[in-house]
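**Q** Construct the entire structure; sequences and hints are all you get.
Residue numbers (the working numbering), protein chains in the order written: chain L, 1 to 307; chain X, 308 to 823; chain C, 824 to 1100.
Since the hints were made in silico from the structure, they are not lab data.
Some hints here could point you the wrong way.
Here are the simulated distance ranges between beta carbons [unchecked claim]: (1) Ala655(X) / Leu841(C): 49 to 59 Å; (2) Ala50(L) / Asp869(C): 44 to 54 Å; (3) Arg806(X) / Ala71(L): 51 to 61 Å; (4) Ala591(X) / Leu957(C): 29 to 39 Å.
A quick note: this is a predicted structure, and the numbers were derived from the prediction, not measured.
For each residue, glycine too, the CB sits at the ideal point set by N, CA and C.
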Amino acid sequence: MIAFALRRLLSAVPTLFVLVTLAFFLMRAAPGGPFDGERTLPPQIEAALAAEYHLDESLWRQYLRYLGGLARGDLGPSFQYEGYRVGELIAAALPVSLSLGAGALLLALALGGAIGIVCAQRPDGAVDRVLGAVVLLGVSVPNYVVAPLLVLLFAIGLGWLPAGGWRPGTLADALLPTIALALPQIAYVARLLRAGLLDALAAPYVRTARAKGLPERTILFRHALRPALLPVISHLGPAAAGLITGSVVVEQVFNIPGLGRYFVQAALNRDYTLVLGVVLLYGTLIVMLNFVVDLLYGALDPRLRPA
Amino acid sequence: MLAMLALPVQAEQVLRIGNGPEPESLDPQRMSSVSALNIARDLYEGLTRIGPDGRALPAAAQGWQVGDGGRRYTFQLRPGLRWSNGEPLTAEDFAAGLRRLVDPRTGAPFAQLLSCIVNAQAISEGRARPEQLAVWALGPSQVQILLRAPTPYLPSLLAHPASFPTYRPALARYGREFARPGRLVGNGAFRLDQWVVQGQIELVRNPHYWDDDRTALDRIRYVPSDDVAAELKRYRAGELDVTSEIPLVQAPQLRARLGDELHVATYLGSYFYGFNMERAPLAAQPGLRRALAMVIDRELIVAKVMNGLARPAYGWVPPGVSGYAPQSVDWAAWPMARRLAEARRLYAAAGYTPAHPLRVELRYNTHDDHKRIATVVAAMWKQTLGVEATLIHEENKVFLAKRRLRRETQIFRAAWIGDYDDTSSFLDVLASDNGRNDTGWRDPQYDALLAAAATEADPARRAGLLAEAERRALDALPVIPIYWYVSKHLVKPYVRGWRDNLLDYHYGKDLSLAPG
Amino acid sequence: MNGVRILLADRRLLAAVLALAAVLALVLVGPWFSPYACDEIDFAGDWSAPPSASGAHWFGTDSLGRDLFVRTLCGGRLSLLVGLVSTLVSLAIGVAWGALAGYRGGRLDQTMMRAVDVLYALPFMFFVIVLMVLFGRHLLLIFIAIGAVNWLDMARVARGQTLALRRREFVAAARLSGLDDLQIVRRHIVPNLAGLVVIYAALTLPQVILIESFLSFLGLGVQEPATSWGALVNDGAREMESAPWSLLFPAGFLTTTLLLLNVIAERLRAALERPGC
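**A** In C-alpha cells:
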C-alpha cells in the first residue's frame, strides 16, 4: 500500500516538471515585466532591479536557476510583495484557503448529498422537481452575483454576520464565504448523486434485494449509496483542488487573505515566482487528490482495488 | 485586587482604515503605491511633514535655515529623537536615508524626486558615488543640504516618504527583507505590529516617538481591498472607519444617504488622453488634435460618468498648487456650439470627411471607470466629427509596455498624480527627455522654459516661466486633459481630526476617535 | 429522426428545447423592435433610468444611458456565440484526441492521455488569463482560449467509448475492407460518438458561458462597446443597489439560458443512456 502511494507520487514528478516548465515559459512570453508601472522607472534603476532579481540573465539560465532553487525547496522571492518569499506567502494563505475550502467541501457533501438522496427517492415527484430547480439555480447564477447579495442581506440588511475580513478561528467570518464557495458544488453533488442513485436503484442486485423484502432505507444506504458515490467522488477530486486553492471572487468580495487571488493577481502583476509557486501547489494538490479518489474508489468498489 | 477592578478602563482607540490595494513594500525607499505611502507616513517621519493646509511643517526637524540664496538648507533636529526600538536617531540617519534613495543599487522608484540636490542626478545615473551626495550631518542634530538651484519647495519634498530615514542595522542584517514585523524599526508615531498579506497591516503606537503624549490612537489597522464595492460594504457594516475610495456608480445614493460622511476635495492628479507623437496622422496635425480635444464635453463626463467625483480639466496642472495660477486652453470658455463649429472646420481642414473619416484606436488599461469614459469619448467623437474610434482595452502591464514603446499606440489613457505640491511635479512629465513622457512630444522651447524656471530664484518670475511652458503644451496638445481628480473618502462621524487636503495626506497622529 | 423521437418522448425536454429556441429567437430578432442601437448613447436622456414603456426603454438604461433591452439581447448574441464556438472547438479537439488515442492504443494512447493528465493539473483560470494576456482580446481568441482548455473531459470520455467501439465487429470489417486508421476513426468511430457528443455539448455550453462571464468579472472579457451577458451582469452587480434593473434583466436571461441548457443536458443523458437507444 505504502509502496503504491510512493510510486504514484513519484510518477507525478514528471507531470509537475512539465507543468512548471509550461508555466515558466508561458509567463515569460507575456508582454510587460514585474517592475512596469504607471510610474516609469529610470533606466539605471530598472537595470539595478533586473540585476537584483536575475532578470538580466538569459531565460534558460533563469529557468535553471529556478529549478535549482526548487530542488533545494526554495520557491524564490516574490516580485510583487517585496521582502516576502513565495514559500512564506503560500504558507500564510494556505491555512485560510484550506479551512474555507474544507468547510465548503463538507457543506457541499452534506447538503448536496441530502438533496440528492431526497430527490432520488421519488424521482420526478414534486419534491424532486422543486429541489431540482433550486439546485440548478445554484449552478446557473455566477458567484460574483451571489456573494455580494449574501453580504447585502446578512451583513448590511440583517447585521447578523460580518461583511468581510478574516480573523483566524472565527466562525462568523467564515460562514458567508463558505456558503458562497459551496453553492455551485452543492448543486453538482446533488445532481450527480441523484443520477447515480437512480442508476443503482435500477440495477439487478437492488431488485434482488427488494425481492428479498429488505426495507427501502436499508436498500438505499446499504446497497445503492456505495456505487452512486463513485461519480460524486470522481467529480469532487479535482473540484476539491479548486476549492482548496480558493476562489478569486469569494476572496475579493469578502476581503479574505487566501490563495485564490494569487492565481489572478500574480499573473497580472508578472510576479513570476509567485505564479509558479501557486501553479505547482495546485498541480501537487490535483495529483494528491486523484490519489485519494483512487483510494476511495477502491474502498467503495472492491473490483477497483490496486493489486 | 478589587481596587484594580474598580479602576475605569480606558478603551483602546483603534482606527480601521480601508487602504486600497495591498502595499508592495513598507521600505520607504522602495515603495511607490499610494497605499504603501499612506502607511509609511505613520511608520516613519521625515524632516518635515505636510500640514492640513498643504504647507510644509517641521516634523523630526524642529526648524530650518535657508542660506546661499536659497541653495543651502540646514535642518535642526528635535532633541532626544529615538527609533522605535529606543536607539537614538541622529542626523546621519537622515543623510543615509537620502543617500540610499539616490543610490541606483537601491532601485528606488522615486530616486529622481530629489534630483535638485547637488550630485543627486549623477549618482542615480551611476556617474558618481552615493557618498558624493551634497547632504551632510553636521554633528548629531543638524542636517545640511546643498541644492543645484534654489528650490523653494524642498521642505515639501522632504515630507515624501522616499526621503525618510531607514534603520541601518536592520538594513545591514536583513537586506531588502527588513520591512517586516519584528524587523522593521521606524521613527514615526506608530510601529509595525502585524502584517497579514492581503489581510491587514496593524500599527501600534510608538512609545519612543517624541510627540507620543499627544498621539490619541493606540492602534491603526490598514485593511487592503482590491474591490471598492467590497470596501464600501465593510464600511457600511461598521467594520471600517475610513474608506480609500468610493464606487462612482454609487455616488448619488451615498451623497443622499451618507452625505455628512462623504469627504470630497481637490486632489493633485490629472486624468488625460495622450497622443503618440511619433505616429502619423495625429503627430503631424495639431489641428486634428485640437479638434478631438474640443469636442469632448468634460462637464457631461464629470456630471454623468464620474457622478460629480472629479473636476472638468482644461489645463495640465491641477488647480490648488501653491504659488501658481492655473492655465487653460484658449477655447476653455467658448460655448459648446462655437467649439463644435471650430472643431468641424479643423477636422475638415485636416482632410477628413464623413466618407473618409479619421480611424483611430483608443487604448486604455482594463478598468470599469476607464471603460466608461472611453466609451463616452468615442461616442462624442463619432457624433460630432464622425471619427471612427476603436476601443481597445488591454491588461495593465501589456498596456504600459505598448504605451512606452510608442509603436502600436495611437491615443492612450493616462493619469498623473503629483508627488509634491509644486507645478514642476506636473510640467516635468512632458519634458523631452523625461522617461514618463509616453507621448514622445519634443519641444526644445518647452524644455528651455523649464530649465530657466529651475534656476529662477524669484517665485513670481518662476511661476511666469512655468505658466508660459504650460501654455505651450496646451497649444501643442500632446495630451488632452479630461478631468482633475478629487480625493474621495467616507469617514465615520466619530473620527476626529480628519482634514481634507490637496495631497490627501492623513497622519495617524492627528486623528482620534470621539469617546462613546 | 432518432432525435425527434427522443424529443417527442420527453415532454420536459421538449419544453426546455422550445423555451431555449424562444430565447434564441428573441435574442436574434428582438433588437429590431427597439428604436435604439446596441452602442447608442442617449446623451440627452436619463442615465441609469428605471424601466419604462414611455421612453421605449423597456429594461431601463445603463449607467451610460444606453438602452438595456437592446444591450441585453446583443449581449445574448455574443454570449451564445462564444458558447457555441468554444463548445465546438473543445468538442472537436476532445473527440479527435480521445478517439485517436483510444483507437490506436498502446504507446500513443499513453502519451496522449499523459498530456491530458498534465493539462488537468494546470489551474485552468491561470491558463486562460495568460492566454488572454498573450494574445490580446480578439473575440476569436476568446473562443479558442476557452475551447482549448475545456476539451479534457470530452477527450477522456471519447477515449473510453472508443476503446469499447474498437472491439466491435463493424470496425474489424472496416479494417478488413482496407480503410486506414484515420478513415476508420473518421467514418466509424466518430459518428458512433454522436450521442455522447450531444450530451457533452449541452453540458459544456453553460460552463463556457459562465467562464466568459468570469472573464468579464476579471475585466478580461469582450471589447466595448460590444457586450455579453457576463459583462452586463458584472456591471449590473456593481449597481445592484442603485439600479437593480441593470442586474435583474441580464442576470435573468443568463440564468434562464443556463437553466434550460442544464435541463436539456440532463434529460438527454437520461434518454440516450437508456438501453436500446
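**Q** Each hint needs a verdict: does it hold in this structure or not?
**A** Here is how each hint holds up against the structure:
1. Taking 49 to 59 Å as the suggested C-beta distance range, the pair Ala655(X) and Leu841(C) conforms, at roughly 55 Å.
2. Ala50(L) and Asp869(C) have their C-beta atoms about 52 Å apart, which keeps the hinted 44 to 54 Å range intact.
3. In this structure the supplied range 51 to 61 Å holds for Arg806(X) paired with Ala71(L), their Cβ-Cβ distance being about 55 Å.
4. Under the hint 29 to 39 Å, the C-beta atoms of Ala591(X) and Leu957(C), about 33 Å apart, fit the expected range.
In this structure, none of the earlier numbered hints is contradicted; all agree with it.
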